[in-house]
Amino acid sequence: MGLDYENDGALHAKLIEDVLSQYPDKAAKRRKKHLSVVTSKDEAGGEDKGLSECDVKSNIKSIPGVMTIRGCAYAGSKGVVWGPVKDMVHISHGPVGCGQYSWSQRRNYYVGTTGIDTFVTMQFTSDFQEKDIVFGGDKKLEKIIDEIEDLFPLSGGISVQSECPIGLIGDDIEAVSRKKAKEHEKTIVPVRCEGFRGVSQSLGHHIANDAIRDWVFDKDDVAFESGPYDVNVVGDYNIGGDAWASRILLEEIGLRVVGNWSGDATLAEIERAPKAKLNLIHCYRSMNYICRHMEEKYGIAWMEYNFFGPTQIEASLRNIAKHFGPEIEEKTEKVIAKYRPLVDAVIAKYRPRLEGRTVMLYVGGLRPRHVITAYEDLAMVIVGTGYEFAHNDDYQRTGHYVKNGTLLYDDVTGYELEKFIEGIRPDLVGSGIKEKYPVQKMGIPFRQMHSWDYSGPYHGYDGFAIFARDMDLAINNPVWGLYRAPWKKMKDAPLRAVAAE
Amino acid sequence: MEKVTTMPQSAEKVLDHAPLFREPEYRQMLAEKKLNFECPHPDQIVTDQRELTKTWEYREKNLAREALVINPAKACQPLGAVFAAAGFERTMSFVHGSQGCVAYYRSHLSRHFKEPSSAVSSSMTEDAAVFGGLKNMVDGLANTYKLYDPKMIAVSTTCMAEVIGDDLRSFIENAKNEGSVPCDFDVPFAHTPAFVGSHVDGYDGMVKGVLEHFWKGSERSQAAGTINIIPGFDGFCVGNNRELKRLLDLMGVTYTVIQDASDQFDTPSDGEYRMYDGGTKIEDVKGALNAEATLSLQHYNTRKTLEYCNEVGQATASFHYPLGVQATDEFLMKVSAISGQEIPETIRMDRGRLVDAMADSQSWLHGKKYAIYGDPDFVYAMARFVMETGGEPTHCLATNGTSTWEAEMKELLASSSFGQDAQVWAGKDLWAMRSLLFTEPVDLLIGNSYGKYLERDTGTPLIRLMFPIFDRHHHHRFPLMGYQGGLRVLTTILDKIFDKLDRETSETGVTDYSYDLTR
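As you go down the protein sequences, you meet chains A and B in turn.
Mapping to our numbering: the first sequence position 473 is 473, numbers consecutive.
Here our numbering = 1-based position in the second sequence + 1000.
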């Protein structure tokens, strides 16, 4: 698949050894299991080169005091899964901070009249005070729901996103939700995503998925005439419009996207999901649970796909088309052919500016593997990658993407990431806002790969052009050549020349 | 029906989200999505509801809310503690409790300052919720100490640790006994429950925690004429603290800025990542016990800290974010009175230049109406400066404003004829502000980036002068305080007024008779 290259495994092994030597013994022992260098164990295995659990341990508690980059279950539920559902009011239930820091930060694009019929970029909070902790917050929650009904009558429903204290003080948000749902005849979804649950965002995704199963599905009679080509897109949060750049392709090949979860989604799109013919999962990590449930209960098949970069887009479109038969397959070939000139032009323009440039990634969800081929489409080289909150099945899926010698880091610490970057000095790092500025201080170009650095979309053919442009503008900006004052002696290791060529 | 689409994207001119989704292919796709799959409310109902939210009737319901908070202009205590810790030499913030919180504080600060923000968590999970987080503290302090080589670790708490009642004093002592850090290593702490007060209180708690840690049990020998200055939580600390120090240096005052994050949040790009930079030296914090007086630049950020300074025998005084002419006058005269140092002629020239600028522009500012929101001291300062320019602060709102603040604001507003029609909104949020702006409109809105939603909905031009500013870059690198800061604020307000006027008068052959070259 894609570009052929091998990374410097020996250097990477040495870097792992070096960082581990700096930890107290107990922590070193624990961190060791999360760091690895990719080796091809099974040459004959060919395509089926999955990483096994022995390679990298994952989904384990972070070590205290090491500066993990991870978030919490609330971030996984409110921030990722529920927050983008646009016609619902999502209450950050507890103290003010969680809702405040996550307010408008994930760029879940949507169309609607904010504050009237859509509510994504608003911060609704119960703003817990000491008395709420002492006496419980259920009464307050009831009142909040009444006030939402009064001030926002066009909201399609409400979700209650629990912050840490809720589970600790023994509030019964389920009882409140049940009571108020009946009273207002509206969907009200209590979510037990307290931040201390689990080891990362990941459990929050799972809890949020379960809440869809338990509090949305099978509740109302859904009047909907389904068709033979109905699909749900699951796990596309429409960061910078990704879901739109994907939808346009799926529609072009003749499918009907009856629901998109959960970017730009209305509650109706979630309710009717069980009527679709196929679930297409983009972010496997955050939404596989509900897809498995729909498969079990409603017999809906699911399929993973990857819309980053032309190689994966083509493979995914063909794979999806195969599910629906010759008519769709034929259209798909036409669509692929239609976009081929765009792809060729993008690669012709940007490949010469990016070829051979090395990239390190540290992201969440699916991106640490899914974007790899998009870089390789531009002849860029992935030297290291890692996940914030992956499970074993993510690393299994990663084996198909990474080359020999690639450095792998799970739940990387601030210290490790800094040392790895220093040791490898890649041409580009793709990670999050907390990582952006330290990396740039070192003189290394950076792109935020959670928020697309306020650009995007990156999905689909339209997105690939933007992706290529952004990587070019990051790497080939003249600022990287200005870091050193010319009157300073060049006795230190010189910065890599990164000026535009 | 077969869709025939052309292609909006091209390699020659790459369109990203803003223009891309305005292309006809996407507009059609989104319109059909809405119609066929979203089950939307009819347009008329949406329009009617939208209009309803602009009415006095809606305002009354909105302001009568008792439980629901929408778009508040405040954050929680530990954010203030993390910011405070960043103002001390080689200090790592260690927040005891759930780990997601720390990811949030770091992101929040980085998005505003466009700078690294370091802090660690004790990463407590379910088992710690049951058994307490002592083990997390013991392991965590050891790891932080070893990996990040700090001179000091400042411990604060998330609400999880507060709800289960972890006791920092004994936990830290335990950790020291178990050898996590050396016994004489500095680990000041502050309990910072998110369900009490706001980030300004977390700031207060952490600064007090640091002072107590170094001052308790030490003998104080007063050094006459020396001053401590505590800036308070300030998104403009980079510009402000440097301007402040310039003024004090010009006066020749012996002073210590306690909690100075100006270098930490403004490190240079030269190839080296500095995890720690600048900050108040630990030796200076110790020495600050002997100062004659401690001055706080933001009263509501330092209520407990100043109380403590009083207890140890220091004189104290507090200000409300000294910005503009008279507030800066008062601050400098206080410094002069304590230090015995004259205010030099250079500073009087600065003052004169600010007044000169205000006089030059007064015709554009006189009678302008403002809505101002933000932290209590900032709102006080802005309202005062606005009145100095002949403006009228119509709405003054602080979500974290107390009844004492409200009373103080009312007193300030009553002192000027320009404050006669002003209203003070303590504890209200930005959804309340939305109703206020619709029912009693103003010319300008002063606040932070969150105000952009109010600008969109109500058409009131927004001036960003308050933390956090996410969607404009580098403003925090310039001062707001002092006379020079006043000049900056004045220019920012004027630019907004002139830009709006130019926009309104730029229609060729229709309004451009007023598109004046000189204004």
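Keep in mind the hints are simulated off the structure, nothing from the lab.
Heads up, some of the hints might be wrong.
[To be verified] With a Cα cut of at most 35 Å, we get these calculated DSBU-like pairs of lysine-lysine:
1. A:Lys131 x B:Lys1061
2. A:Lys131 x B:Lys1452
3. B:Lys1452 x A:Lys419
Verification of the hints:
A C-alpha spacing of about 24 Å is found between lysine 131 of chain A and lysine 1061 of chain B, which places the hinted pair at or below 35 Å, so the restraint holds. Taking the CA atoms of lysine 131 of chain A and lysine 1452 of chain B, the gap is near 33 Å; set against the 35 Å cutoff, the hint holds. For the hint linking lysine 1452 of chain B to lysine 419 of chain A, the alpha-carbon distance of about 39 Å lies beyond 35 Å, and the restraint is violated.
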